[in-house]
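Can you join these two chains into the complex? Each is in its own frame, and there are hints to help.
Those protein sequence lines, which keep their order, are chains A and B. Using my numbering, the final residue of the first sequence is 156, and nothing's skipped along the way. Using my numbering, the final residue of the second sequence is 721, and nothing's skipped along the way.
By construction, these hints were calculated from the structure, which means they are not laboratory data. A couple of the hints might just be wrong.
Unchecked claim - Derived Cβ-Cβ restraints for the label pairs, each shown as a range:
hint, chain 1, residue 1, chain 2, residue 2, range
1, A, S92, B, D421, 49 to 57 angstroms
2, B, Q216, A, D81, 22 to 30 angstroms
3, B, E99, A, D81, 40 to 48 angstroms
4, A, Y143, B, I624, 48 to 56 angstroms
5, A, I26, B, H163, 23 to 31 angstroms
6, A, N13, B, E196, 46 to 54 angstroms
7, B, N206, A, N13, 47 to 55 angstroms
8, B, E256, A, K5, 49 to 57 angstroms
9, A, N2, B, E196, 54 to 62 angstroms
10, B, I624, A, K5, 48 to 56 angstroms
Said to hold, decoys possible - Calculated cross-link-like contacts (lysine-lysine; reagent style DSBU-like; alpha-carbon spacing at most 30 angstroms):
hint, chain 1, residue 1, chain 2, residue 2
11, B, K268, A, K138
12, B, K310, B, K705
13, B, K488, B, K438
14, B, K404, B, K106
15, A, K31, B, K404
16, B, K402, B, K268
17, B, K603, A, K146
18, B, K173, A, K31
19, B, K106, B, K6
20, B, K549, A, K146
21, B, K173, A, K135
22, A, K135, B, K107
23, A, K135, B, K6
24, A, K28, B, K418
25, B, K107, A, K138
26, B, K220, A, K138
27, B, K705, B, K603
28, B, K623, B, K307
29, A, K28, B, K173
30, B, K247, B, K397
31, A, K138, B, K688
32, B, K603, A, K31
33, B, K165, B, K251
34, A, K28, A, K5
35, B, K165, A, K31
36, B, K703, B, K310
37, B, K6, A, K138
38, B, K251, B, K402
39, B, K247, B, K37
40, B, K61, B, K37
Where is the CB? At the ideal position from N, CA and C, for every residue including glycine.
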Amino acid sequence: MNSFKISSFYIDNYLFGLNVGHIQEIIKSPKITPIPSSSDYICGLINLRGQILSCIDLRSMMALDNYSESKSMSVIVDSEDVLISVLVDDVSEILEINDYDYEQTPDNISNNISRFLHGVYQLNSGILLELDINKILKFIENYEIKNSFNNNMRGA
Amino acid sequence: MNEDFKELLEDFVTESLELLSEANNALIELEKSPHDKKQIDCVFRGVHSIKGAAALMGLSKIEELSHLWEELLNKIREGSLHINENLTDTFLMAADILEKILLNLKKTGDEGNYDISEVLELFKNSFNSEKIKSETRESVPQKITLQNNSPSSTASMEIIDSHIKVDINTLDKIMNLISELALTRNQLITRDDLKENLYVSKSLKNLNTLTSDLQQMVMKTRMQPISTLWNRYPKMIRDLSKNLGKKISIKMEGQETELDRSLIEAIKDPLVHLIRNAADHAIEMPEERTANSKQIEGEIILRAYHKSGKVNIEIQDDGKGISLESVKKKAIDKNLYTSEELEKLSDKEILDIIFMPGFSTKDQATTISGRGVGMDVVKTNIQAIGGTIELNSIMGKGACVKIKVPLTLSILPALIVKSADNTFAIPQTHLVELIHIKEDKINTIIEEVNGSLVLRSRGKLLPLISLQQITSTKNFDKTELVEDQDLKVVVLQSDEKLFALIVDEISDTLEIVVKPLDRLLQHIPIYSGVTIVGQDTVGLIVDVGGLAKSLNLSKNQKDISCKVNDEDYVNSKNNNFVGLVTFLNSNNNLMALPIEDISRIEKINTSIFQKIGNKAYIHYNEKILPVFNLSDIFDELKPTAAEDSITLLIYEDVDFSFGIVVDKLSDILTVNQDSYIKDECRLGVDAKLVINNKIIEVIDLSKFKQLVNNNNNTAHNRVAL
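Bound-form chain B, shown alone (with noise of 0.2 angstroms):
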């Protein structure tokens, strides 16, 4: 009974949040437009509906708060009220209240004993106020009220009709399921004495698409849309406004965009500690504003789209800008760099330092933003869930934050690695290089320093250490390393610190499903969770944080940060740097494609091609893969010769893949895109670049995908005929 009460509870206190939030957004619409009916209406419902429980449940001061403000609403409908900026702050007053009491009742199970006669008072004293008003406005119309009304609260009653709330712990625990299902269907499909029946092979090729079907369709009920986090925020940005005496409008874009549930949590304390920080550095005071001809509502715009298999959300605003001087001037204040050092830095170097730890540019920290704990926690949050973030500011004009982040938390490209017979996988966020040292360079390379390994790579000497030193009590030094032949050594990176990994075999790169780690074994540092890697090899995910930290490396590698990561490195110097992928055509012409694009580069072996019409496909990670020759855009290139292995460039998304085949690798560059020269490019070139007296074609890659889509045409076409 108590049981069944308490789930009640909670049902009921995760229902009125929502609707709460949704009346929030209302009331903030309704301070725009205060004539709007339907606004009026969704406060009403959400009221309405939280009242009704509210009483069902014996929550007294909830439903006492509900049916005073219940009532003001019912008048505002009837017309005999009219709602102006008092009364939507005492409506707003009074849910934040309720919001508050209803936490209080999910935590410890009472509505606490919250203040409400303040709100009872200003509603009642509503109620009088609008009584002598009423009298003087009586000529009101009230027609269109009783229109309205009830058409718009059936619309809305059908929407909830077809949604149900899930247990998320049922969908987690159906994902796992289908899993193994697919395990099992594997197992099955790769038994060659069940193909020779003809029953069995049949049913065994609908059990084989049912089952990817099923797959897809329970992932995609983990996805959310980015909307159940934004819906907060207008009314975050109102209350903002309010304490600091700015005016501030919010717009977004791309609500619709679905991530999954789990990075939908990860991202929310980041972006609400990036949209305050917008609200309280960024805009400024509404005088400024007007001293400098801009509008005085300043204006944060919120971005989320898809792109190349990531989320990319971005926070814009059109506020003051960052000063780098202040920057540069902290900094040193801060002991971070010296002046000499910042000398060397691009401006977007400097921004940067924004992100570093101990950073906080406002001089005086407010209730807000900034105590110094900010940027640098949003960084290190942001990037334990493999996303990057990016800063970019304009004197003046405003800043903007884009922030990457994958589709998925559950799903984790890594890299798979053994030592001394146990599997382990290494998140491939973490990791910059492999190396392979063969036995006659291991004593140039590996020095011992002190007891202790050091690793020397491109100019710098990294901490070396054996993961089998790490996973048994053995010890382990250099002259065991001598007897062993060749050393696979695989660098990581840990927020700022590079190290170095001996593994005694590095397998593959695999998309891996993240499993929690039991309850007995989470405080184990080094590890963050477990995957099935093939068949039923249990492996054990790396926690590379953990395990720098566990090693006890030093904190103090300022010189290597964001020297060595590409993608960092691209950002870090200015936006306008890309990474280039250039290759050989057959005429022997540089061409390049951006990195950025690229998702992997295979070597694949031409026999597993399949031709279908005229087009080449390959089965490639359970997808099917157009694959398309340069010669498909350039007339005047011969295709590549058909040798038994070629070198494929793999663009994902989320709706369509392809490879280009390309003849000789040649280099990855990182260019200026000022550099670029747009002038006479032929069709399916982008740009033209010159780079050591040679000239590189940039290629129009949206020349692919749209031949991808022709190809869709065509096939559609053919099915209609």
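Only chain A is shown next, with the shape it has when bound in the complex (with noise of 0.2 angstroms):
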């Protein structure tokens, strides 16, 4: 039996979990600069201690509910030594998860949320949908891709 750990966190009230070994650090987020003309997947830069990382809205990617009254917080996460923030409602705790736990992702999720995870977790509390960082960031570079050949094909 394995077991690992899963930083999890809560987006308009759904439980979504990391793997710690993703994660470097979780912050306040800092002051966001928007980038004009990029998508609306990416809310901005923030500087965290000189270097400029982009900040994902998982929000609006899953299509979730756009407001939010809670605090934002910023999970940095580590994907092939790229550094990304990632903006969350709020911060819940570090758990430790057995793999037998592990459960396909049910197939009642909308897919605008399961398209992003890699699995589901039961718990005594709820479920926990751990997210995928790799299927995130695949999802935005094509988005952005698709979106700036657009653009390009409108311009000319």
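What follows is the structure, encoded as structure tokens:
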């Protein structure tokens, strides 16, 4: 039986998680500088001790409710040496997860959410949705490239 | 395990390539002086090291090749074999194949299927042929080899030991951390409450100097001598001259000139192109050279030096020069110009046509250079890194290409502008002018043509767009402009195109540290990077070329080309033209300084002057800048009256900078240096000239430089006493 640690956080009342191995740190979101003419999924840039990182807005990517009362936190994710910041509503605890709790993403979860998931874990308190950071990055990259292609076509 | 091996392999390839390039240069030296033991030792060392490492890593081809090669070299060192042209040819060929295998190794991880049998055969033949010779030459003295051998190899070992290789990414990270350290320091030293504590303020001062020193040292680690690039050229020229059937030598001056690693990478291809051009197009065939009573051997001279904060690189040849007539003919053939248009151009402007897209003077493209993508690509590449390029030629005597590039790519002078709460940085190389349009002038200067706005400026119509319009989806039209008050417009140049950009606010010019854009954003064409402005604001660096492209500006604005950028303007007409800043001295006479030497003109409040001894200084851009008065050189002038604010011309160089106080700025002129009158100039004056019936004295800047040096010397003397 294998177990590993997942850092959990809330976005729009869903409990999401990421393997702690991917997470460099979690900070209170610093000032976000918007980038004109980028997609809605990237809400801007933050300055993390001299390194400039893109901020990803999962809320709009997953077409969740846009309104958030809670304070925003930035989860700094390290994916293949690229640091990015993922905006979340609130941070929850670090959970010890057992492999055998893993379940395939149920079909009734909307594709808007499920396409970014690695899997789902059944906890006592409810369901934890584990994010797959590579799926998220792939999606944005494809989207942005398509977007700029379209823009160019329109320009020409 | 696999990763480890890959890393090992990479190290091996980098090191071997370096050794090979050293060996190549040594081989070329050997051709000239075949008995130079040092060069043979150098080749031997390289081959020996490669062989050893290859054997260790199980690279059989490389091992086999270098083993035989080493054997041969050993024979040469012993004196039983003699180096001749055939042998160096074989060696160079071996080096070529070895390089190919190494490059393949780097790319694919295996040695590839290169055929080494031919070289091996040649190696073996060399052995055999030597056997016959060595019998006849048995009396050759062999002592020298032994003496020379060991000390030189230990000496070079010491040199290698004092250097280590560091991954450039690690350096970048250190650089990043240090800039952050500097920021944190700045936050600390601006806090007044900390200064009250004596101990803390003392430590803060230490922290301050230490951080600055550290920053400078790390900057230095990124610098590399230009010889790292030039090392490959002797071999290249040798190969080229063989292929072309010409005799060409290459001379290099200022190899120790240092520039940032990123720049070395950026100028690599343009330089190769220019040198190939010189060898292929410029240097004549030997018969032609003798017919024109030139030396049979053509010469290409590379020069590098620092001047006024820039790296200057010159590529000079003593070939046939560029025929203006054939340039003109080609320009007409290619429909770039009509003959009437060409009539009006100066010689220098005609030469500049060579840099235009789609131009190549040689009738037939050769494999060595010239497929018509040549010089315009070179120019674009140099301009992309904020440099300039200039071409001079004298018929029959040769041509010279001068390149000026900044010292580093990671720091860039830029104009900071704001638009709708966003901060943008516009690289200064693209900046043409800033225009402030008063509310009541808007209607006369700005017009609407078919839905788009144009700006009337200096007799030209420029496409006008607003930065806000680009960065948001909102439509923008003239009615909105009128409601606005004054307009701030930045005129930009991208390649040959000019356009104007409306911004909300123009804040300052700053030296910004360029940081790369995140992978997710790299495809957005209008940004080239990000930077941190001030304490914490993230600013986006505008890619002016990308911006122009995304706006789909027309490409046929030929009439505008090179007429606007001041520097281009000066260069394009004739080399003898210079720009001068003229000003009035306290006797109301006109004086001037070359604009090229002035890095900035500043209005400065006299309250920041500090007198130390009898000299004045100001704190400027984190430097202590000595300030001179014209009266320091010209005794009869009164020092400038101490008003609240004065105008300062700033001269900046790598080792020293200073400011010159002037009374009243007059104008900026472009003059022909031929009209300089050099006779009877008093001390401190370089030349006189007459413009509009007024005499202007051009000041000799070296006088001021001497003053700076004198000051330094007296300071040293004082310490010594």
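Distance restraint between K106 of chain B and K6 of chain B, which requires alpha-carbon spacing of 30 angstroms or less: Roughly 9 angstroms separates the two Cα atoms, so the pair holds.
Range hint compliance [Cβ, I26 of chain A to H163 of chain B, 23 to 31 angstroms]: 41 angstroms, violated
Given pair status - K31 of chain A, K603 of chain B, alpha carbons within 30 angstroms: Violated, at about 34 angstroms.
40 to 48 angstroms as the expected CB spacing between D81 of chain A and E99 of chain B, which holds or is violated: Violated: the Cβ-Cβ distance is about 30 angstroms, outside 40 to 48 angstroms.
Pairwise hint evaluation, K268 of chain B against K402 of chain B, where the allowed Cα distance is 30 angstroms at most: 15 angstroms, holds
K603 of chain B paired with K146 of chain A [C-alpha distance capped at 30 angstroms]: Violated, at roughly 49 angstroms.
Range hint compliance [Cβ, S92 of chain A to D421 of chain B, 49 to 57 angstroms]: 33 angstroms, violated
Given hint K37 of chain B paired with K61 of chain B - CA-CA distance at most 30 angstroms: Holds: K61 of chain B and K37 of chain B sit about 28 angstroms apart, inside 30 angstroms.
Restraint check for K705 of chain B with K603 of chain B, where alpha carbons must lie at most 30 angstroms apart: Roughly 22 angstroms between the alpha carbons, so the hint for K705 of chain B and K603 of chain B holds.
Status of the given 48 to 56 angstroms range, CB of I624 of chain B versus CB of Y143 of chain A: Taking Cβ atoms as reference, Y143 of chain A and I624 of chain B lie about 52 angstroms apart, which means the hint holds.
K247 of chain B paired with K37 of chain B [C-alpha distance capped at 30 angstroms]: Satisfied, since the Cα-Cα distance of roughly 25 angstroms is no more than 30 angstroms.
Proposed proximity, K107 of chain B with K135 of chain A (alpha carbon, max 30 angstroms): Distance of about 29 angstroms is within 30 angstroms: holds.
The structure shown violates the earlier hints numbered 1, 3, 5, 11, 14, 15, 17, 26, 31, 32 and 35.
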